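Colleague: Listed in order, the protein sequences are those of chains A, B and C. So that you can map any letter, position 207 of the first sequence is 207 in the working numbering, and since no number is skipped, the others follow by simple counting. So that you can map any letter, position 147 of the second sequence is 1147 in the working numbering, and since no number is skipped, the others follow by simple counting. So that you can map any letter, position 147 of the third sequence is 2147 in the working numbering, and since no number is skipped, the others follow by simple counting.
Any given hint might turn out to be false.
[Stated by the list, open to error] Below, a list of computed lysine-lysine pairs in the DSS-like style, where the Cα atoms sit at most 25 Å apart:
no.	chain 1	residue 1	chain 2	residue 2
1	B	Lys-1073	B	Lys-1157
2	B	Lys-1167	C	Lys-2084
3	B	Lys-1167	B	Lys-1145
4	B	Lys-1035	B	Lys-1267
5	B	Lys-1145	C	Lys-2084
6	B	Lys-1137	B	Lys-1212
[As the list claims (entries may be wrong)] The following residues of chain B were derived to be distant from chain A, with all beta-carbon distances above 12 Å:
no.	residue
7	Asn-1046
8	Pro-1091
9	Leu-1092
10	Ala-1125
11	Tyr-1174
12	Trp-1227
13	Arg-1245
14	Ile-1256
Treat the hints as calculated values from the structure; they're not laboratory data. Note that the structure is a prediction, hence the values are computed from the model and not measured. Ideal placement from N, C-alpha and C gives every residue a C-beta, glycine not left out.
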Amino acid sequence: MGLSVLARNLPYLAGAFALTLETAALVIVGGTVAGVLLGLARSTRGRALRGAVALYIGLIRGTPLLVVLFVVYFAVPSLTGHRFTAYEAAVIGFIAFIAAYIAEDVRSGIRSVPRGQIEAALASGLSRGQVVRLVVLPQAIRRMIPALFNQFVRLLKFTSVASAIGVTELTGATLAVNAREFQPLPLLTGLALAYFAACYALSLVGRWLNRRYAIPG
Amino acid sequence: MMRMTRWRAVGLAAVLAVLGTLASARADGTLDAIKARHKLIAGVKNDTPPFGYIDEKNEVVGFDIDIVREIAKALGVDLELVKVTSPTRIPLLVSGNIDLSAASMTHTREREGAIDFSITYYTGAQSLMVPADSPIKGLGDLAGKTVAVQQGTTLEKTLATLAPDAKVQSFRDYTTAWLALRQGRADAFTGSYDVLRGFAREAPGFQIVGGKFSLEPFGIGIRHGDWQLRNLVNAVLQDLWISGRYREIYQKWFQIEPDIPIETWPKG
Amino acid sequence: MNYSFDWSVLWRYREQLLGGLVITLLLSLMAMAGALAVGVSAGAAAESERPLLRRIAAGYVEIARNIPLLVHLYFWYLGLTALKIPAFWCGVLGLSLYSGAYVAEIVRAGLQGVPAGQRAAGLALGLSPALVLRLVVYPQALRIVAPSLAGLFSQLIKDSSLASVISVTELTFVAGAIEGDTFRTFEAYIGITVLYLVLATTIAQVTLWTLRSELVEPAMRD
């Protein structure tokens, strides 16, 4: 009986699962780009920019994700006059949220590159920009792989919170089916399994990448 | 550390205050905006049968949906449905996320402080739902019992007034409140009579008791100042009544004749 | 946009906000206790000599960590419908088991961080293996992980906001109720943002101070 409720609604749930994975991919890319930019800005020389970025990061890191989503979906449109769909608000919220965390990982990643290498590179005539691009970032990113994939798996899990502002991703879709069919145990077990499969797979990819590209020592 | 926290809070408040004062009054051109983008964005419920809910084909259908479809048709534009719940239907309208809100919303004087309403397009009543074997037969039996209700509704306040000894438990949306009754977490569930009927159709083993108390006239929500849109919506509603189309839609969703007519005004 | 801010709504609903804050704190404290209980056991089991214990611990950590917290909460609240666990305890259970997996990893890293020589020295002094763990290994591990644990507690406070979805009357739920009553969405959510900020930062700092003073003082006494 449990399996039949899943079978009956499989097309709908599978579609929602696809949306979840697409959304996760989108915010992973967007969040990483935003996070790297933010992380670089955090270590810049301009004090005003550094301060503003630090303020933003501190603000976001102290706020629950759900509240960030509510603020983006309800508060921002009223002030800027531009409406977001629930999906857009979720994507913007996720990217804005994870960027603050990735920025801190980037900062640690950059700081973990030995100073001696940076000084040697500068001494050999490379410009600051070139040193960042060719020496610091590649090493920083390799060191950051475990931390980054941690954030990526977090994002995949976060997509479930979008159901709270009405996005019909996997969790929202499962709850909608349950509201009609009232078979919570098989539906929620299926839901848990789907996320487990996706997150575990993603974390395995991260571990494999880390083994291949990690800097020894 | 504490100093940084205080500064963050001050910084946040300052940013918001500046943004708030910069926010300009939006020109009352929602109707123009709808025509320009060729789409009406309507806030409807997804969890309140038969007004707005998800059917077995996993599509959003309902009485409110059919009404806004008629409005979009009269405007000659496409329709986009945005899911709202009782706590979010007014904020989403006020913030501009939706053009109008057809979400089983009771017209109250207090709410008029925040938004405008169309003429009444449905009149309901509040009632109670309990398990079939429950000893509760009406409002008088609710002392000490847990009653589930949706947050942000007139239903919540009315029940608190009519049954002050009941333990009112509010939930984020209609479905969660209904589920609380189904799970046995609540002894009773209060909602609009026709909504309760809608839920009862999904699940045998529950009955509606307590008769009908408190009148619930529903109106379509529109932002303050959007008088052109409101006039148009009122005109569409009246035309639906005059042409008999309203009766069709009503019977489709409630299986009975509408007992209260939509008020109509002469054209000129 | 015809919108005028009305921050007085936060003052008018101060009782409800305070109530929500209390529930958030209670929820977080109990969940932290639960997470520590589960996490320390799992972390210790992960470092145990018996392969079965290690595998069970690893299994628990992978399963709990790779399922969203929201799904954890719904599982207890909706999935195990027949048990009818009250919403607050569903919140505690969900948060404990989810965060417990992270505590387990932190504890495991902490135990690995204690130099092997310390254990050998303790045994050489004639202490039993159990006493070595209790008096030598764990205190040092705790000192190593104190910052991570403080960070986790702060994260738990923020995660507790998800319990609003299963109708636990904590801070985010109260904001929703205020919004439903007054339509003052922005004031309500910005208000609780500030509260969460203050709460999360304060708790992290207090935890750090407590753990450090608990660990430094005994060492200084000798």
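Colleague: In ascending order, which of the hints set out earlier in this document are inconsistent with the structure?
Modeller: 1, 7, 8, 9 and 11
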